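J.: Could you put the whole structure together from the sequences, leaning on the hints where they help?
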Amino acid sequence: MPVEVILPKVDMDMATGRISRWLVAEGSPVKKGEGLFEIETDKAAMEIEAPADGVLAAVTGREGDELPIGARVALILVEGELSDGKAAQIAPAGTAVDAAPQRVVGTVAPVTAPLLAASLPAAQERPQAASAETGLRATPLARKIARDRAIALEGLQGSGPRGRIQAADVEAALALPQAQSAGPDQKFTPEPCETAPALPSAEAIRLGIRIATAPSEALLEMLQGACVGAGLADIVLLACARALGPDASLTVIRETPEGTTGALVEQAGLAGLRHLAGSGRSGEAPARSGMTLVDASALGLADMTLPLEPGERLVLAVTAAREGMLALTLSVDPKAVTLQEAARLLHAVERALEAPFALLA
Amino acid sequence: MDQPVRELSYAEAIREAMAIALERDERVVVMGEDIGVYGGAFQVTGDLIERFGPDRIIDTPISELGGAGIAVGAAVTGLRPIFEFQFSDFATLAMEQIVNQAAKMRFMLGGSVSVPVVMRFPAGSGTGAAAQHSQSLEAWFGHVPGLKVVQPTTPEDAKGLLLAALEDPDPVMIFEHKLLYKTRGPVPEGAYTTPIGKAEIRRKGRDVTVVATGVMVSRALEAANELAAEGIEVEVIDLRTVRPIDTPAIVESVIRTHRLCIVHEAVKTLGIGAEISARIAESEAFDYLDAPIVRLGGAETPIPYNPDLEKAAVPQVPGIVAALRDLATGRR
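Residue numbers (our numbering), protein chains in the order written: chain W, 11 to 371; chain B, 74 to 405.
To be clear, the hints were calculated from the coordinates, so they are not data collected in a lab.
As the structure is a computational prediction, the values presented were derived from the model and not from experiment.
Errors might be hidden in some of the hints.
Each pair of labels, with its calculated beta carbon distance range [said to hold, decoys possible]: (1) B:Phe180 x W:Val20: 46 to 52 Å; (2) B:Lys255 x W:Ala25: 36 to 42 Å; (3) B:Lys255 x W:Arg159: 49 to 55 Å.
Quick reminder that beta carbons are idealized off the backbone N, C-alpha and C, glycines included.
T.: This is the structure in structure tokens:
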């Protein structure tokens, strides 16, 4: 394993430090205990020793920069080690470069000096990431959640010290629709319905889901800030629009005790919360076709099943028996939308409601 | 508890427990240096000699080795002695009696005897008594099979744990922090026991668990109050018993909060915090940790005499606040 060189704490009140001078050039061999760099504190300059034998590489702590205590400033590599998986791509053909980046360390054929040098810029690009060459950093809880929910930790950005992946990072990834394990090709993309006949409701697939949420003050405040009268149904609308992809158009119908209003939102997947929350709150409701979301949350109903209109591929009814208790009822044309796609759509919305701020970020 | 409750100091609660035991059980005797006429180095025994006489409130010579030996022998032969040290630091002089005799005798004699001795140790720093009168040595005794070790932190527990110790058939070491003697709190009247081996949650919280001992419990609670204003909810567990440690209580809490900090006054290296940290790493709570376990303990130095240095040598509220804040917000 490469050995990390970190900026040490040499003074009681020290929170950050400054490297005044490197004593060893990048790419040069060092011996454990040899002076590696000097740091300056308010009181004195101090020489920091190399923590291991090897070759100084991946120097990211530049002279004069203010750096946090514990930050990685360089690596010390032993022979045969690369500082980053990317470097393996320039290895001569025939070496074992096909493996996943984290497997590359130590498996590449003996490294020549030029190769080592070439690896350095790659490492410099992401000094804080939970990078392959040092092993993935994740807390036990983050690993457990990833295991339980079958999500890969590789590629997640860690918000903890030195890029450590914490539970919140995994949860945020889970809350994003695109974080589904199979990636973008699982994005919900219903086929256009060619004949567009009016489906008798018996032929439509209907799926329902009930979600109990406890919206925080901050979320309600943000919704009200987006549009007067906005509510959790608008989080559903946003999640839905994102799940349907950037080009999807969505008819938004608002059912209130006062009557019915609506609007067609083109490219709803690109729209922000403010735009979507304001959509369909005035104006005559257009004829439903394609994909429709009916917000009936103001009517106080436990659930509501809508038959498909001619040419309509799906219609999602959002109801709320009381505040925070949402029911989603989705009717789909089985010729245009599979049961699995429909279920994925509902679960994307469910996840969004579990972690709404991740969606808004 | 059905008994009426009133406020007592920690020292008064201990004295009341001793008086209840002396009244109801003629086998109980209190022994130690200057515990009779003088009333004890910290005035804990107080007027007991006037109420129970010199046959049961026994001043021993200035020899901890001798006094503790008499107490251990008396316990083996049928009495229920409570032996008070003037300072827990003087336990060094009595280690033979405690570690080689009291802790081992049941095992050496095939279970034919037990040693129901109770020893009380005024412990800890913060009184300006310097290095030889300020130590926190509870972990030493926690390392010895055959002993039980408790650290009451409230007047109610000081009384309940002393009465529980007297009912226990084996030697029980009670570490009483000197700064706690004058603290006051509700204490039920009459006899009751606080279970040995059970920790107590002093404050519920969802973000981080702090396990504290002795005087650090009140400091952890103070830190928790400060952090509550920032929206960080700290769960404070009072360990109460050092041996046996209530591991399930800590495991259960860490599974809920995902973060653990241990705070004690005793030196950090090889301490109770290390033991708890290892137990959590070995337990089912490991998979629920979302940050490294943090230990706060005494500095690697004898307790200094200089008052500022004395404070700096053991955890204080601002340091606990900073550590818990970093831990709860994912910066550790």
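J.: With reference to the structure, classify each hint as holding or not holding.
T.: Going down the list of hints, with the structure as the test:
Between Phe180 (chain B) and Val20 (chain W) the beta carbon distance is about 50 Å. The supplied range of 46 to 52 Å therefore holds. The beta-carbon spacing between Lys255 (chain B) and Ala25 (chain W), approximately 38 Å, falls within the hinted interval of 36 to 42 Å. In this structure the hint that Lys255 (chain B) and Arg159 (chain W) lie 49 to 55 Å apart at CB holds, the actual value being about 53 Å.
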